[in-house]
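Following the hints, complete the assembly by docking chains Z, Y and U onto the known chain A.
There are 4 protein chains.
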Amino acid sequence: MTVSRVVELEGHIIDSGMMQACFGIVMDLGGAFDVEEFSVGRSKTEESYCRMTVSADSEATLRSIVHELHQHGANPTDPKDAELTPAPGDREVPEGFYSTTNHPTEIRFEGEWLAVERIEMDCAVVVHPGDDSSNDGSWAETKVLNAVEAGDLVVTGETGIRVHPPERPRERRAFGFMQGGVSAERPSESTIARIASELQEVKDEGGKVLVVTGPAVIHTGAREALAELVREGYVDMLSAGNGFAVHDIERDRYGTSLGMDTETLDHPRKGHKHHIYTISEVIRAGGIRAAVDEGLVGSGVMYECVENDVDYVLAGSIRDDGPLPDTITDAIEAQNALREQAHEADMVMMLSTLLHSVAVGNCLPSTTRVVCVDINPATVTQLLDRGSAQAVGMVTDVGTFLPTLADYVLTRS
Amino acid sequence: MTVSRVVELEGHIIDSGMMQACFGIVMDLGGAFDVEEFSVGRSKTEESYCRMTVSADSEATLRSIVHELHQHGANPTDPKDAELTPAPGDREVPEGFYSTTNHPTEIRFEGEWLAVERIEMDCAVVVHPGDDSSNDGSWAETKVLNAVEAGDLVVTGETGIRVHPPERPRERRAFGFMQGGVSAERPSESTIARIASELQEVKDEGGKVLVVTGPAVIHTGAREALAELVREGYVDMLSAGNGFAVHDIERDRYGTSLGMDTETLDHPRKGHKHHIYTISEVIRAGGIRAAVDEGLVGSGVMYECVENDVDYVLAGSIRDDGPLPDTITDAIEAQNALREQAHEADMVMMLSTLLHSVAVGNCLPSTTRVVCVDINPATVTQLLDRGSAQAVGMVTDVGTFLPTLADYVLTRS
Amino acid sequence: MTVSRVVELEGHIIDSGMMQACFGIVMDLGGAFDVEEFSVGRSKTEESYCRMTVSADSEATLRSIVHELHQHGANPTDPKDAELTPAPGDREVPEGFYSTTNHPTEIRFEGEWLAVERIEMDCAVVVHPGDDSSNDGSWAETKVLNAVEAGDLVVTGETGIRVHPPERPRERRAFGFMQGGVSAERPSESTIARIASELQEVKDEGGKVLVVTGPAVIHTGAREALAELVREGYVDMLSAGNGFAVHDIERDRYGTSLGMDTETLDHPRKGHKHHIYTISEVIRAGGIRAAVDEGLVGSGVMYECVENDVDYVLAGSIRDDGPLPDTITDAIEAQNALREQAHEADMVMMLSTLLHSVAVGNCLPSTTRVVCVDINPATVTQLLDRGSAQAVGMVTDVGTFLPTLADYVLTRS
Amino acid sequence: MTVSRVVELEGHIIDSGMMQACFGIVMDLGGAFDVEEFSVGRSKTEESYCRMTVSADSEATLRSIVHELHQHGANPTDPKDAELTPAPGDREVPEGFYSTTNHPTEIRFEGEWLAVERIEMDCAVVVHPGDDSSNDGSWAETKVLNAVEAGDLVVTGETGIRVHPPERPRERRAFGFMQGGVSAERPSESTIARIASELQEVKDEGGKVLVVTGPAVIHTGAREALAELVREGYVDMLSAGNGFAVHDIERDRYGTSLGMDTETLDHPRKGHKHHIYTISEVIRAGGIRAAVDEGLVGSGVMYECVENDVDYVLAGSIRDDGPLPDTITDAIEAQNALREQAHEADMVMMLSTLLHSVAVGNCLPSTTRVVCVDINPATVTQLLDRGSAQAVGMVTDVGTFLPTLADYVLTRS
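Chains as they are written, first to last, in UniProt numbering: chain A, 1 to 413; chain Z, 1 to 413; chain Y, 1 to 413; chain U, 1 to 413.
Hints are not guaranteed to be accurate.
Put simply, identical chains are the same to the list, so a pair is met inside one copy or across any two.
Below, simulated DSBU-like cross-link-like pairs (lysine-lysine); rule was C-alpha separation at most 35 angstroms, straight line [as the list claims (entries may be wrong)]:
no.	residue 1	residue 2
1	Lys80	Lys203
2	Lys80	Lys273
3	Lys208	Lys80
4	Lys273	Lys143
5	Lys143	Lys208
Because the hints were derived from the structure by calculation, they are not lab data.
Chain A on its own, in the form it takes in the complex (with noise of 0.2 angstroms):
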């Protein structure tokens, strides 16, 4: 038995490697494919278009090669709405619901497309109707699993659903000018100089910059650079761990981070407490606010937080010490935080952090940019191998990353 199903492609389908994407499925899958139309942009500008026939010998492989097309752009020609099941509780999907791409998406609901909003990856989508009579006000949105209301109607199956992953740009743009793999034998300052200059015009443009951030930058003695980064405007936000604010702190009252004077490089004994010590200052004080509002903290990265009203999200985890009360330690609470800043950016620049830039990075859509530094090779790949159409990713140390960025951004430029 040969069932099939005709798709269509359209837009820059050949260059953005969407053709070869979507023959590669149906090979892969076992199916077979029959071109039934092909115009081809005559030139950079036009866009092409193809019709062709999906063919496999069961409904099953069928409908898992239509599942993977469409995730790649490739959309059924006879459109259907979507079909939409209740949530049968709290935080229960029903059985075949779809789940996202992190690719601009929209639903098929009562013979419109609804664009999807907060669009995320590995979520479900809820469509909300609008008035009865018209689906005006009807939306559509996603929604992590735990996030999910009995009662939800919920996008189930296949149909209805267009996926549009990012198309390469026409022109040559800064962003997503490292191609070729992630190395450490790139050009380091003229990448930095990139860098700036798009920091530069993303802030020229009024958009919102999210910095998330480890430790290693108080360490590597970066914090200077990046609370002057904050002070003069370049950070609308910041996600971190408690760690992060700990030792930036215990640089500002003890000279030290992680036990390490980070310009003398001595190792003061009793170094090694400092981080203790400025867990439960700053527990006695009430939190970060209050021990800046009384003089204990008078610099660094999370003093120029408080003084510049920069939205600051210090995420919890296992082997936190202390916490700090300003941490949020319950996962879905800090995940749902973050989200929120990962939805309001438009540039995320992450700054030596595997944990805090995986979670912000799940939440992003492939339409943000995102700036991506980190020493290890592996880490920086890890990052940018979740399709973002719009990265940058650099293999440096971020303790001279940071001052060479600073000085490009508020000096140079």
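Then chains Z, Y and U, alone, in the frame of chain A:
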């Protein structure tokens, strides 16, 4: 002004490096020493003894020298009772509180030395006085900062505290055999054989084994080997994250891990959704145990834990999908659960997870045997760099390590 | 001024990524394209065809576009003979010489296409005309720069050259199964099983296997497994450095590798001198073969190579101790020896050595099967990033990889 | 049967770890010790002294204990002359020859101690007796195995040899300040500032600086910074490979390095051929100096070396393209050239190259100051793990390191 204090060291203080460390501390911190008595163990079983006067030009310098010295096992000759200060509030330690090392520690209370229970680094020490007429029943324990309660008698200052860093074993033992830094260029099979016999020895002595594991164990196809070790009684406790359990059950339900078939190496398209489907199925079932009872899950590590009553802790994190109902989402609660496991363990095997290993490692006294396996040498270095006396680090592929270990333990022994 | 040229592509040009690459090249280099004919293969066995006019605003730009296009398989529709220029001197190539890719290449000479022999990247192509009245007996080959001789007819310019980048296999094959980047988080045993059956297949077909190996094979205790594969006929050629042979023989003579006993894990003091003693003993014997013949060496990889007439090349380097008399100390001579091995090999296994693997990889056509094993993901990435069509990379511990591979090949198959 | 021998140690034997090491050796090798005299330095400037009888149950065991002890600075109390045996042939050392450490060493010859010249590890020691009636003019030097000539008087056995491992500096110095292992999480700018002042100090004292560099310096865009340091006289000698010189000149000729424009980050198509064109151009010119003289090369590191008479050694390897006429293709000849540089250097900076750094490091005495910079922590660990007394390792990006270093040295000082 010169101030001074007399300290003494005893034991195998030369070959354990204690003398060297202590002389170095005095010099580094700008003090001077005057050795008054030094009797060296004339043979490898005899202990040595050193008494010296340490001097510095300020009381503050002297205090920090003495603080460091006693953390390395040098103790004042004129012991006084430890100073105790009531905690001013819940989660508030008094100023100047003593922050622990991970070495066995004693506190002098009413003229007698109390061994501190549940030793763990970066904690406060709380003394519980016994009956008021004697100190019968007096005892001392560590408390992490967030567990301190108002009124707890917390040790402050430097007096009346004795620390016992681990000595170099007199005979060569299996553990601690990896000298000279972490390297991938070590004999792999022979090292695994050694770990296998150590594991066997711990079990033969009735000891408890805690496995701390990351999802790489599943992705690399080592799941069956670990499941077998659980089934055969070599694992008493398991610490992992939400992702580990998800991928373990995904493998059972869909044959994949992170979407890849770990046997055929196929990437069934749609496979990248399997983990989300898995999560929603376990949520619907009400948890892992319920899913096993329902017959939804019939193999794997989590299955064997349920079937063999192996205590497991799944600690949540901000990057989790779902999470599963079993996952403890509050970091403090999760850390306390790990702490219980850590204090019960006689041997800890850390398998390809940095976050959970650091969390567990933080709770371990320096006397617990630790095996740490990761493919990233920096991870192994970081985990072993915590002063454990009996530790083996191995830079290897957990996907071949576990099958080989299981083979040695279950077949070849 | 606009200049233009017509090029055509044929084959599985979509799913192999050729179309995508070519469109990208034109856009990146500032040209424009106008697709004149495009017939897409209607099914997975049908080939596609595309003819397009490429235009640019200068002859120089157009030339570099066309140069790039044809390196990706797009060829001018109006083939002319290649331009040939005599080399002005020994080791001197004429200006504008054509530098090869590692893909199968043809040169148009007197109206006919000659397949270039001994294809290898970054070489000149030298045409040897046959009999003067016809081009019977004409042939073409690659020459590295230092092998070019005065008067050699070297291909210059861009015309008359056809390159055939590898196409995506129509069916899934064992090789090339690692898609999506290099990662340690892949199923280890299943991958090794796949490599084992591939190795078996090559041998069954009478193919030749070249093992390129570093000293880590000895240090990690995998020596016996590799020796067994040599003895059982699975290795036809071996490439290594002086250090590999030294440590292999050190193990035989002293039971150690780099001074560590690879079985007991002891570090016999004085062990760090064993390699120097080993070298001096082999020098005294007159070489490895002589040492085997004398009975000085009775086991190990080099021993099995000698006993089983496996061709080995020991290439010298500046970090060598000794070196052994067998080591080729001149880099050009050593490279030529490797080149012979590379061109004869049907399958190459690169085991934990970057230097030798790069050297051999430089000499390989893109059609040779390659297996690359290293514990450092950056090494695997670098080695696979050379355009091989049939390559498997594995981030694992060679000390467990080789015993497991030998087990699959010799026992389980 | 018990055999024994008396040895003594003197100096700062406790805080340098010598006592600890020696006690450990005796225990590890199954011997026993009996301390007869031990006087400990009563203050940090006083030296200590220890005399002990070491015993073992066989002469062989005792010998290997004593061998190890004296490599760690413990010397027999009853010094005898060293045993000298003539080398039986060229490149043939006599059996039982003494193989050197990299520490300062003395040989007892005719009752007097001769300092061994050109100390370097894994060498033979050859004594050149002076005038026959006295030993005026007698001297000793190291020879690598392949430099030994028939008849050379080679030191054999264990007697009459004194080794002086480096002691812990009495005061804290810039160098050697990185204690506690290699880590990327160290203060980057402060460490660079320290290295800058150390470099300045060496130059102020008239010392010689050897830079050992890999091509990553060019790829990461740090070429101009290094060229400037050469031009300003901070580099006296340069060691590199063929590839470094090729990419440095490629940047001059084509604006690219490995085909990427290090300023604009463009990948001019055809760029991947630039290095081959560069090589052929330099070959045509007859070498680098000729290319500079002809005006073919007008900037960069090699250009500055030529213009400023900085001695450079380009050591060939099997992965070289070309090579350039300047490249020494014979490994022994190249190693000897490196050896001359190494022995002349007062400070060595190893920049992002493992092969050349190991080669140079092999030739260095333990007293030379070493700075090692690499982005891979395993490389830094491996390079520092060679017993250098005065070494700084830094895990950072050489592309930001060198500009920052040049800034500190040339501008901020």
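Of all the hints numbered above, which does this structure not satisfy? Sort the numbers upward. Structure breaks hints 1 and 3.
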